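Following the hints, put chain B in place on chain A, whose structure we already have.
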Amino acid sequence: METLSLLWDGFAVAALPINLLLIVVGCFAGTLIGALPGLGPVNGVAILIPLTFAFGLDATSSLILLSAVYYGCMYGGRISAILLNIPGDEPAIMTTLDGYPMAKQGQAADALAISGVASFIGATLATIGLTLFAPMLAKAAIYFGPADYFALYVMAFATIGGITGADPRKTLLAALLGLMLGTVGLDPSTGVARYTFGSFNLYDGFDPIVALVGLFAISEILFFLEEKAHGGSMVPPGRVFPRLTRVKEGLGASLRGSLIGFIAGILPGAGASLGAVMSYSFEKRISDKKGTFGHGDPRGVAAPEAGNNAASGGALIPMLTLGVPGSGTTAVMLAMLISLNIQPGPLLFERSPDLVWGLVAALYLANFTLLILNLPLIGMFTRVLGLPAWGLMPLVVAISYLGVYAITHAAFDLLIMVGFGILGYVLRKLDFSLVPIVLGLLLGMDMENNLRRALSISGGDFTVLVQSPIALFIYALTAAFLALSLWLARRGVVAPLHAEQAED
Amino acid sequence: MILKLNTAYAAGLAVGLLFAMPATAAECIAPADPGGGWDFTCREVGRLLSAEGLVDGNVQVTNMPGGVGAVAFANVASKRANDPELLVATSTVGVTQIAQGKYPAGVETMRWLAMLGADVGVIAVDDDSPYQSLDDLMGAMKGDPASVVTAGSTGAGGWDHIRLMMLAQAAGIEDIGSIRWVQFDGGGPAVTQMMGGQVGVVSTDLGEIKGFVESGDIRVLAVLSDEPISAFPDLPTAKSQGYDVTGYNWRGFYTGGGVSDEDYAAWVDRLQKLYNSEGWQETAKASGLEPIWRGGEEFSAYVAEQNEQMAEISRQIGVIQ
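Taken in sequence, the protein lines are chains A and B.
Read in the working numbering, the first sequence has 72 at position 68, and its numbers run on one by one without any break.
Read in the working numbering, the second sequence has 1594 at position 248, and its numbers run on one by one without any break.
The shape of chain A in the complex, shown without the other chains:
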């Protein structure tokens, strides 16, 4: 059991007082950064990098701090998603689907507890996976080619139609709109500018996080202003303390979500958002027998949260063992490691065992810290809903502007954000769900890039897409999913019935 003794040495590194302090500080800061709309793990980590240099931390301590922030952000992203229907970061989009309806029913505390425990399960299982199988999994991930990634994205899009409670046609239309918006910018494989109207500001396309803050936060505020004019009421705070029985309802979903998320995380071309999407749609297919998903089902909160946290843990595997980042955040961490003269890659485990195992041990500690930190804070977070709206809403606007500017450093993107806010308002008036738009934007770009790569490899021959056994397996799985949902629909057990009840 060489791994265990190495891990034990790692705990000796992680338990140094300075590192323990960094874990607690990092987890707390991460939770807050993750909870603020717009500020997510990428900029949380990027903001802290200069501080690690300023304090003269060594490579291990720096990495421990940044990983604690990274994990903390993944926990924090769910908070505003549940309480305000504004995802704190991209992977938390899926958490709004069932989290916000739960909050509307006065169950905000339950939703926060369920998602907190689900996050813990997802992140802990991923860390165990990282401990036991990191080098092996990295080798397996290498065999995923562009055609296989494309199949994975096809699967995600094939299941999008059923994700939200709204009319499936509107869901697909919204996803299509997201895909179209995703084509704006320089074409990565040829450098040709698409739909930029000669503006350099559009060369990089629409940053999904800018679109997300606009669509969710700004449109929410426009809705609030309208409701205020009509004398509408806010979401009730409800219970302050969560119930253990509700937490138990999410356990099975958390385990399934963790597995799916972890796999998505290991694949360098996938990541936490895809992990959350797949976890949610898979859970919905197998568990949604009464059509309660989308109306505040605890399993719909647990699955994507476990999924995105497991994916963040999984994404560390290709970063450490291959030097290939599995997500935007790990890309920033990779750059920091290189500037500290640590070369992640095939030799890292042999050359810097202190760093690797110190980090792994710190991740276990960070998970427990986050769980302990987050559960008592639930009472405090739910009281956000009790805040007078005249105080809360301006704060949301201020944080949205600040967050977006902090990421993009471009005043132009603030205009883009407002544009998306108005678009979001109009679409919600027309009864469209906003989630598929962001998914279209977020996943569409990666899907296109992988299709282009596959076709570049084959010289334009489309049969390359179905030649790999991995891709064929994914297509078969997709077909099985679709067949299952058709069969369920014919038996008449899904949404329509429930939707009528809900409208009463």
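Because the hints were derived from the structure by calculation, they are not lab data.
Restricting the straight-line Cα-Cα distance to at most 25 Å, the calculated cross-link-like pairs of lysine to any residue (SDA-like) are:
1) B:1619 / A:57
2) B:1631 / A:60
3) B:1631 / B:1579
4) B:1631 / A:59
5) B:1425 / B:1608
6) B:1425 / A:419
7) B:1425 / A:406
8) B:1631 / A:346
9) B:1631 / A:355
Taking CB as the label site, the calculated pair distances span:
10) A:132 / B:1562: 28 to 34 Å
11) A:467 / B:1424: 49 to 55 Å
12) B:1521 / A:184: 31 to 37 Å
13) A:184 / B:1524: 29 to 35 Å
14) A:15 / B:1666: 56 to 62 Å
15) B:1586 / A:22: 47 to 53 Å
16) B:1402 / A:24: 33 to 39 Å
17) B:1586 / A:184: 46 to 52 Å
Since the structure is predicted, the reported quantities are computational estimates derived from the model, not experimental observations.
Using N, Cα and C, we set each Cβ at its ideal position, and we do this for glycine too.
Same frame as chain A, but now just chain B:
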């Protein structure tokens, strides 16, 4: 009340983190998001400039991403052409964009200060690949240009692609337009896809993939430098194999076109002192850069020449008209 304090604290913390860097006179614009090469250039050079006492206080790093550097270029040209305290990080990638007309103006708009180091291009294959030397590879591609799938971290017409095309031309391959090129989001992903058998050859910067070179997972057929590089003296250059091609991805700076000769000379002088410092020599090597100096008028002439050369190749491969 507790809650209000907490929310206020959260907002306060966020603001505090955002403005943690104190404002100072000298500023370096990184025309990219934090984490990339240009950001690294600004942060490391900025850190060393103040550590070596070459500037007062800290150098403030501003990230101004967009248009592969075009947004920062346009901003400096229109608003800060006379600012004597401004550095803008750039590299061969920026000049490629200028050469292909993707910036609002040409190289003559700016004053080019210096390059402090360069990442060196490499041509690598998997360790199981049948190609043992550059001759093997070029021979196969000469027989059928589409027989080997090539890849790198830029799109078609980007520097990774152009360097490979220069090599193919040197080998006498005429139909370079039919060589298959695949873009990945970095040298690391391109190499892992090659290890998985998806592509046959990778052309990219050595610094991005040196972990794989050290571990022996890939075989470097050629480095595109004049002399063997100090970190890996055993890797053969393309020149030593009879292909007269070099492909440096240099890292350097420009400043606004309206900056006075006096201020321009002062910056070149400061950067040269920085280049000669032990701190820079170590930092450069640690991050996989070969320390190479070109400054002042010599550097300006080099940039102008590279600009011409790239425009010429881009026309030949049909990226521009």
